[in-house]
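Asker: Each chain, letter by letter, is given below.
There are 2 protein chains.
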Amino acid sequence: MHKAAVTEYPVHELIRNRWSPRAFSDRPVEPAVLASLFEAARWAASSFNDQPWAYLVASRDDKENFAKMLGVLVEGNQKWAKDAPVLALSVARKHFHHTGKPNPVAVHDVGAANAQLTAEATSRGLLVHQMAGFSHEKARLAFGIPEGWDPVSAIAIGYPGDPQILPEDFRKSELAPRTRKPIREFVMSGSWGHTAPFAAK
Amino acid sequence: MHKAAVTEYPVHELIRNRWSPRAFSDRPVEPAVLASLFEAARWAASSFNDQPWAYLVASRDDKENFAKMLGVLVEGNQKWAKDAPVLALSVARKHFHHTGKPNPVAVHDVGAANAQLTAEATSRGLLVHQMAGFSHEKARLAFGIPEGWDPVSAIAIGYPGDPQILPEDFRKSELAPRTRKPIREFVMSGSWGHTAPFAAK
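As you go down the protein sequences, you meet chains L and P in turn.
For the first sequence, the numbering used here gives the first residue as 801, with consecutive numbering after it.
For the second sequence, the numbering used here gives the first residue as 801, with consecutive numbering after it.
Chain L extracted, bound-state conformation (with noise of 0.2 Å):
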């Protein structure tokens, strides 16, 4: 299913076409995709060139790695994620590689190999749903987390698929518009509150 947003100003299609759906095809994600998709997460900017990122995936077809994983999510992710072709976890570090210092922005770094990730599997057909539905205590202890490293988001992967597999609840919200506050609510210049001129409309 598609699911373009209706958007007030023109974006790129891969912004467009990007959203997180629940219903995802049986189709296996090639392996040669799923290494991009991670390719696409490595080039993201970190502050300091830090690339405070790592990742645990479960393919489907990988039984008892995909249940370990399954079983990390929350009961209400787990109704509909156990039917998409793989599933990650995105792990923050700390601190600085270089300095052992705290890393302030590691987590919003993370954010961000995570939105490129998700712009090359859009632009490839695929989509992506995120989740901060997951206990990061069972995620530590499943697969080994070390100290120093958080995980910070779970990850579905995988191509589009009949809204109709899911449960009523989740079949609308599956169907329902997609909808975000306009930019002139949070696009801002010269002191907080005032909206930037060029976002007005």
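Hints were generated in silico from the structure; no laboratory data involved.
Pairs count within a copy or across copies, as identical chains cannot be separated in the list.
Below, computed lysine to aspartate or glutamate pairings styled on EDC-like, alpha-carbon distance capped at 20 Å:
#1 Lys894 with Asp950
#2 Lys882 with Glu864
#3 Lys863 with Asp883
#4 Lys972 with Asp883
With chain L fixed as given, assemble chain P onto it according to the hints.
Answerer: Only chain P this time, still in chain L's reference frame:
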């Protein structure tokens, strides 16, 4: 100047061509282009669709506002950012709008919005250089950023410029090859430290 990433796996040109320059052209950024950049940020994914992002933006032709923004940056960044046509600050709302509870992925989601802004910029021939090097306290005072919101990154935006305008140390890094650790070092599967098979090239 163009500085496409030399990738190990193919990625979309918006990913490949994104990099963080210090040399920007004098050419102003058209208001309609700025609107599209922030429209791209608008459509990022966020936990509970909370959209925990806001921006303060200063174009160089708005002298007072630009000087205020520039003054927030650390000295090393001021040296080159003074010539960027547009400076901005991204700001994160720390608590969910719908519950008032802390949003553990707010900064992640701002990172994703910034990456979408950057991809849109790349698609239009602009480049973006984000900076963690600025004073949060000065930013808060200068722009009246309220309690509950935290500045995350400063952002320089513009068309590419000639590296020759830069002081020598910056010019060197501007012309140096782009480097990243390969995905086999950070894409794992099954347990921490085990490279995912698809990433093992």
